[in-house]
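**Student:** Chains A and B supply the protein sequences, listed in that same order. In case it helps, our numbering puts the first sequence at residues 1 to 379. In case it helps, our numbering puts the second sequence at residues 1 to 139.
Calculated directly from the structure, the hints in this document are not laboratory data. The beta-carbon is built from N, C-alpha and C at its ideal position, and this holds for glycine as well. Treat the hints with care, since some could be wrong.
Claimed, not checked - To be clear about the criterion: a stretch of chain B counts as covered by chain A if any three or more of its residues have a C-beta under 8 Å from a C-beta of chain A, and this derived list gives those stretches:
no., segment
1, 35–48
2, 52–61
3, 82–88
4, 103–109
5, 118–128
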Amino acid sequence: MTRSLNDLRPVYVVGIGWHRYQNPSETPYVALGLTAIRAALADARIEWPAVESTYVATALLGMASGRPMLRHLGATGAPLMHVENASASGSTAFRHACIEVASGISDVALAIGVDKRNPVRRAETGIGHLAEDAIVPFTHFALLTNEYAVRHNATAEDIALVAVKNHRNGAKNPNAQRQQERTLDEVLGGKRVSGSLTSLQCTPIGEGAAAVIVASEDGIRRLGIDAGRAIRTTASVGRSERVYAPGAGFDAALTKETADLALAQAKVTPGDIDIIELHDAFTVEELHYIESIGLCPEGHGVRMLKDGALDIGGQCAINPSGGLIAMGHPIGPTGIGQIGEIVMQLRGEAGARQHQGARTGLAHMVGVGAVCYVHILQN
Amino acid sequence: MQPSKLLKPELYSAGSSDGDGATARLKGGRCRCGYVFFPMQTYGCERCGSHGDALTPYELSTNGTLLAEATVHLHADKNRPAPFTIVKVALDDGPVIRTLLADDSARVAPGQRVTGRLVPTTQSESGETVLDLRFSAAS
Ligand SMILES: [Zn+2]
C-alpha cells in the first residue's frame, strides 16, 4: 500500500531565506543563492554541516549549477540534485526535500531555488503545430481571460483588481521585485500586452533566490532548533495534466484535482485555509484557482475580491507576499519563496503584511507541461 | 492562376478554391479507443496510450465554434509582427485548436461560428504563393 507525506513521520520547515527578487542584473547566481541559503541557516540557527541533502531548483541556469554555488559553504560531501519542472521547479524541490526527511533518510534537508533570466529553450517533439510559436504564456492567459470574462460577465476592470491587491501586498514586502502600490487606472492604463492584459497584470520575470530548510523532530531536538517556530508540512501533492473534456480549461481542472487531494491529505476544508500563495502569473489565474481550490463557486471570485475577502485581514488572504505579479517570478525560487511566505505568516512574523491568526496556509504552483503542486502547512 | 504551395502540408490539405482562398481539411488522427486528436501522430494516444496501428489518419473539418480570442500587442519574435489575433476554436469534429485569425476577418467573439481557409501569406524563393491556415467568422 502506498502512503502520502502526511502518513510518514512529521516534517517541519525550520529555516527560510531569500535574496530579493529583482530585475536582471550583473550579480552572479552564486551570490544570489548563497545569500538565500545563509539567511535560511541563520533563521534556523544551524550551521551548514547540519544539512544532509540539498535540492537545487533552477529552470534557466543550465547543467550542474548547484555545486559551484554550494562549495562556498564548505564542501561537506552531502548529496545534491537539481530539479527542473518549469514554474513548479521550486515546489517540486520542496516536495522531495520533505519526502526525504519524512521517509527517515535524512533529518535535515535544504531546498534552494535560484535563477537568472536566460532564454527558455524547449526541445522539438517532432509533431508540427499551426501557430504555437505565436502563443506565448501571456497570450495563453489572455485567451483564458476572454473566456472567463464572457462566461461570468466580468469586466476587464473586475479582473484587473487582482493586480491592484497584489501590488498593494508587494509594496509591503522587502523581498518583492515590485514594491509599489498601483491604482486601478495605473494597472489598466499600462502597456497593453495581449488581449485585455496590461503589463502590470503580468508577472515581471526577474532573478533572485529563495531557500527553506526542513527537518524531522529528531533533527530539531538534536540541533536544538526552536520547535516553537517550526511549521509542519501537512500535505504535499504533485500531479500532471490528463485529458479533460473538450474546451475545459486544463489549468483550472488540474488545480482542482491537485488541491482536492491535498485538502484530503491534511484533513482540512477550503474554509479552514487562512492564507494562499498561488500562481498568479496573470491576473485571471487568481480567480480561476481560488474557485478551483473551492473558496467559492465558479464565477464568484470577483465578488470575493470586491468584498475584500481576499485581502490581508479578510476571510482568506490570497498572495500576501504580492504573488507572482508583484513579488515576482524568477522561476526556480518562486515555489520555495511561497513556502517561506506562508511560514512567516504562520509564525506571526510577517510584520506589515501579517494576516492575523493565520493557522493554515496553502501553496499552489502550476508549470507549463502542465504540472501542478499543492502544499499545506499548519502550526 | 499563379502557382502556390502550402506552408505546412503535414497539417492540412487544400480543398476547392474560391475568391477568398481555398477551403481546408485538417490532418487529424483517431485512436481505436475513439479519441480524436490534431495533428496526426503515431507516438501514442494521449487518452489510452495505444500506438502504431491503433492510430489512423482522420480528416477534420475546419468548421467550429470560437471559445476565445486575444489580440497580441507585443511579441518578441520578429517573424510574427504584432498586432495579430489568436483564436481558440472548438472544432465540430472534437479537438480544440489555437491559431491565427485572418487579417480580413470580421470581429469575432466567443460563441460565434468560425471556419478555416488557406490564404496567401508570403512568396517562396521560387516565386510561389505560400498558403497558410487562417480562421475567420463563418459567413
Ligand atoms: Zn486511445
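**Student:** Check the structure against each numbered hint from earlier and tell me which ones fail, lowest number first.
**Tutor:** 2, 4, 5
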